[in-house]
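Participant: Chains as they are written, first to last, in our numbering: chain A, 1 to 107; chain B, 1001 to 1128.
Derived from the structure by calculation, the hints contain no laboratory data. Hints may contain errors.
[Claimed, not checked] Some chain A residues near chain B, calculated using beta-carbon distances under 8 angstroms:
1. Tyr32
2. Pro40
3. Phe98
4. Gln100
5. Lys103
Beta carbons are placed, not taken as given, at the ideal position from N, Cα and C, and that holds for glycine.
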Amino acid sequence: DSQLTQSPSSLSASVGDRVTITCRASQSISTYLNWYQQKPGTAPKLLIYGASTLQSGVPSRFSGSGSGTDFTLTISSLHPEDFATYYCQQSYTSPRTFGQGTKVEIK
Amino acid sequence: QVQLQESGPGLVKPSGTLSLTCAVSGGSISGSLSSTDWWSWVRQPPGKGLEWIGEIYHSGSTNYNPSFKSRFTISVDTSQNQISLKVRSVTAADTAVYYCARDPRTVGATIVDAFDLWGQGTMVTVSS
Chain A
1 DSQLTQSPSS LSASVGDRVT ITCRASQSIS TYLNWYQQKP GTAPKLLIYG ASTLQSGVPS
61 RFSGSGSGTD FTLTISSLHP EDFATYYCQQ SYTSPRTFGQ GTKVEIK
Chain B
1001 QVQLQESGPG LVKPSGTLSL TCAVSGGSIS GSLSSTDWWS WVRQPPGKGL EWIGEIYHSG
1061 STNYNPSFKS RFTISVDTSQ NQISLKVRSV TAADTAVYYC ARDPRTVGAT IVDAFDLWGQ
1121 GTMVTVSS
């Protein structure tokens, strides 16, 4: 299995802050890396696929980068509605795997 | 637009069998002749992360997470436009929210190998 490790596991930030979350894969997964946002009591929502392509309707303050084993999700300026848990997920190989999640909380 | 709706019993006794369905509305589970949609089940234990159980194509082809292969069965009913998940010999560790999700693999000429559409999830509690 391709294991994904996210860091940090949680962070506190203020509205307007720039936030970066990293995801490291245990083996090279090219750019088959996706990012999701999940708010309490709701299903995950796809933000970015293919490491850097913004899903339709997702604000441009979200961006993704990386290839191989190291990836980042960046929120350029945190909005109140961005406080949530973020997951990375690889689609390079089966079984599909998710990172353990990063909870973004209000400072 | 296409929507997914999971349904299930809510409460299951230990050692019993859990059956869940995911109804697809607003579109055919088979898609067009060139459809590359795969349909997955993902679960999330309370307060924990996401776990991919497996996926199915409208033809019935399946891929499973080896961690779930022995007790879990995914099936498709194209006439009812739904997919199903059956879990045998459940224990408290199977308590979770169960989601169905679509992975289109491609959209036009673009590779979109991600879960772009999710149901709202159904909570399953295993308890006597």
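Participant: All the hints need checking, so say for each whether the structure fits it.
Facilitator: Verification of the hints:
1. Tyr32: For A/Tyr32, the interface hint holds, since the closest Cβ of chain B sits about 6 angstroms away, which is under 8 angstroms.
2. Pro40: Given a least distance of 10 angstroms, the restraint on A/Pro40 is violated.
3. Phe98: holds (4 angstroms)
4. Gln100: holds (5 angstroms)
5. Lys103: A/Lys103 check fails; min Cβ-Cβ to chain B is 11 angstroms, beyond 8 angstroms.
Against the hints set out earlier in the document, violations occur for numbers 2 and 5.
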